[in-house]
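Make a model of the complete structure from these sequences and hints.
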Amino acid sequence: MTQLLLSARDIYATRLVEGGRVDVLAGVSLDVAHGEVVELSGPSGAGKTTLFLALARLLPGVTGSLSLDGEPAEAIAPQVWRSRVALLPQRATLVAGTVRENILLPYTLKARADCTPPGDAAQRAALDAVGLDAVALDRDASRLSVGQAARVALLRVVLTSPQQLLLDEPDASLDDVSAEQVAAMTARFAADGGAVLRVSHVRANDKADACYRLAAGHLERVSL
Amino acid sequence: MSAGGVIPISWLQLALAAGFMLVTGALSVALSLGLVKDLTVATIRTYLQLTALGLVLRWVFSASLWWIVLGLLGLMTLTATRLVLKRAPDAPSGLSLGVFLSLFVTGVVVTFTVTGVIVRVPVWYEPRYVVPIAGMVLGNSMTGIALTLERLFSDLDLRTDGILAMSALGATPWEAARPSVRTALRAGLIPTINSMAAVGIVFIPGMMTGQILAGADPVDATKYQIVVMLMVSAATAIGSIMAVMLSYRHRFTDEGVFLERGLRDTDVSGA
Chain A
1 MTQLLLSARD
11 IYATRLVEGG
21 RVDVLAGVSL
31 DVAHGEVVEL
41 SGPSGAGKTT
51 LFLALARLLP
61 GVTGSLSLDG
71 EPAEAIAPQV
81 WRSRVALLPQ
91 RATLVAGTVR
101 ENILLPYTLK
111 ARADCTPPGD
121 AAQRAALDAV
131 GLDAVALDRD
141 ASRLSVGQAA
151 RVALLRVVLT
161 SPQQLLLDEP
171 DASLDDVSAE
181 QVAAMTARFA
191 ADGGAVLRVS
201 HVRANDKADA
211 CYRLAAGHLE
221 RVSL
Chain B
225 MSAGGVIPIS
235 WLQLALAAGF
245 MLVTGALSVA
255 LSLGLVKDLT
265 VATIRTYLQL
275 TALGLVLRWV
285 FSASLWWIVL
295 GLLGLMTLTA
305 TRLVLKRAPD
315 APSGLSLGVF
325 LSLFVTGVVV
335 TFTVTGVIVR
345 VPVWYEPRYV
355 VPIAGMVLGN
365 SMTGIALTLE
375 RLFSDLDLRT
385 DGILAMSALG
395 ATPWEAARPS
405 VRTALRAGLI
415 PTINSMAAVG
425 IVFIPGMMTG
435 QILAGADPVD
445 ATKYQIVVML
455 MVSAATAIGS
465 IMAVMLSYRH
475 RFTDEGVFLE
485 RGLRDTDVSG
495 A
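As given, the protein sequences belong to chains A and B, one line each in that order. Residue 121 in the numbering used here is what sits at position 121 of the first sequence, and the numbering runs on without skipping anything. Basically the numbering used here = 1-based index in the second sequence + 224.
None of these hints come from the bench; they were simulated from the model. These numbers were taken from a predicted model, which means no experiment stands behind them. All residues carry an ideal CB built from backbone N, CA and C; glycine is no exception. Among the hints, erroneous ones may be present.
[To be verified] If you want the footprint, here are the derived chain B segments under chain A, 3+ residues with CB under 8 Å:
1. 234 to 248
2. 423 to 432
3. 471 to 483
[To be verified] Using C-beta positions, here's what the derived DEER-type ranges look like:
4. A:GLY97 to B:ALA241: 51 to 59 Å
5. A:ASP133 to B:PHE427: 52 to 60 Å
6. A:VAL146 to B:ILE414: 48 to 56 Å
7. B:LEU281 to A:VAL80: 28 to 36 Å
8. B:LEU263 to A:TYR107: 52 to 60 Å
9. B:THR433 to A:GLU101: 43 to 51 Å
Here is the structure:
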């Protein structure tokens with residue numbers, strides 16, 4: 001029996017859609033265990049991003065309960081929670097500066113004041129692993145292609161070693177080869193004891209351990 | 225012309241000045257600018273407000289009581305607060321106290337530093353010095369604060385995706401807002417810095433003009449003007465920095481979530 005990592009119970013979230021309130025999540029419960037890669041699917045606009053924001057505690061007005069490694073969310077400061085349950089938003093946003101500066105950005109934050117940032121060799125190896133071997137650490141981040149920027153944004157999150165990754169369409173702007181590399185990287189992350197919850201619109205992910213479908217505010221387990 | 229004072233302007237001569245506005249109005253009609261009504265109202269307001277100010281100041285100067293001076297400063301600060309808030313319609317609610325405090329602290333500290341430490345007015349509340357200097361301090365500080373706040377909240381909105389990415393990495397509201405704070409403060413302070421660089425070459429500032437017209441020696445007037453320029457810059461900087469620091473947090477929830485446009489109308493306090 002694998003050990004439970006992230007647990008969500010009865011999550012309700014409303015969002016304003018064209019002036020009216022819509023129950024985007026109407027009692028969603030979800031468990032992800034250490035080492036698991038869980039795939040989340042559902043029609044466009046079903047609330048997958050809303051669920052990710054709720055799990056990362058980045059959405060106000062959410063009710064329900066969350067826990068991480070058995071510890072209730074209330075006992076964990078929001079910034080610490082977010083550094084352990086790391087969301088990669090759909091739109092990759094890099095800051096002005098080099099690729100290195102972007103990868104080291106999380107280590108400039110108070111939440112990681114005690115962590116040691118990865119050295120150049122570790123950064124280089126991580127870039128190579130997702131097909132960015134042609135991208136120098138000194139490259140100006142604004143000169144990266146959309147697909148390259150998306151992978152740098154992913155590495156920026158993965159290299160901080162969170163416990164739970166929430167990946168909102170990490171492969172949306174990638175070709176098949178790069179998407180394979182990203183899938184392999186997330187699988188390695190899970191094999192090392194982390195957990196991954198991911199949305200992939202574009203291609204079915206055969207590496208998932210479980211699959212859920214979100215529709216009309218409810219989450220259903222789908223057989224693989 | 226006597227060396228020690230201005231040539232007084234009679235009421236009839238003052239009315240003549242409206243002739244400038246008649247010319248402007250005629251141009252507006254000829255070019256169909258649709259500004260006649262605004263021009264008329266603005267001209268009448270200029271006459272009435274400044275005449276009233278003159279009468280009030282004459283009374284305040286002759287009464288020369290400390291509590292009248294302080295009351296007047298309080299009233300000026302309140303009015304400036306209201307004007308700042310009116311000029312930032314996109315700003316979150318709950319900013320009034322922070323804006324008031326920024327203006328008040330700047331107004332009091334800078335004004336009394338100038339009158340007490342630099343000019344060394346014998347009576348600390350001497351209205352002839354305190355009131356006009358406070359007016360310049362508050363007026364400039366108000367403009368700077370309004371510009372900075374407007375820029376802060378528009379830049380935060382522009383950076384919605386970036387702020388989400390930062391927050392998701394565990395950034396505190398301050399860490400996520402910092403680039404916008406920097407952009408806003410630069411925007412707020414650059415006009416002041418530019419005017420410091422251009423003063424004396426491109427224009428003769430209003431206060432120096434006034435002192436020269438009143439018969440002061442140009443070099444003496446210059447010294448005052450330098451003090452005024454530096455004091456105005458300091459007031460703008462201190463006021464803007466304080467206002468931004470006391471305001472940015474209002475765009476985040478207690479849990480540190482940035483309230484992007486789509487989240488603002490929900491009841492989110494303390495979520």
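Right, here's what the structure says about each hint:
1. Coverage of a stretch by a chain is defined here by at least three residues with a beta carbon nearer than 8 Å to that chain's beta carbons; for the segment 234 to 248 of chain B and chain A the count is 0, and the condition is violated.
2. Coverage of a stretch by a chain is defined here by at least three residues with a beta carbon nearer than 8 Å to that chain's beta carbons; for the segment 423 to 432 of chain B and chain A the count is 0, and the condition is violated.
3. With 5 residues carrying a beta carbon less than 8 Å from a beta carbon of chain A, the segment 471 to 483 of chain B meets the three-residue requirement, and the given coverage holds.
4. About 56 Å separates the C-beta atoms of GLY97 of chain A and ALA241 of chain B, a value consistent with the hinted range of 51 to 59 Å.
5. ASP133 of chain A and PHE427 of chain B have their C-beta atoms about 59 Å apart, which keeps the hinted 52 to 60 Å range intact.
6. Range check, VAL146 of chain A to ILE414 of chain B: Cβ separation about 33 Å, and the 48 to 56 Å hint is violated.
7. Roughly 57 Å separates the CB atoms of LEU281 of chain B and VAL80 of chain A, a value that falls outside the hinted 28 to 36 Å.
8. A beta carbon spacing of about 59 Å between LEU263 of chain B and TYR107 of chain A agrees with the range 52 to 60 Å that was offered as a hint.
9. For the pair THR433 of chain B and GLU101 of chain A, the beta carbons lie near 50 Å from each other, so the given range of 43 to 51 Å is met.
Checked against the numbered hints above, the structure violates hints 1, 2, 6 and 7; every other hint is satisfied.
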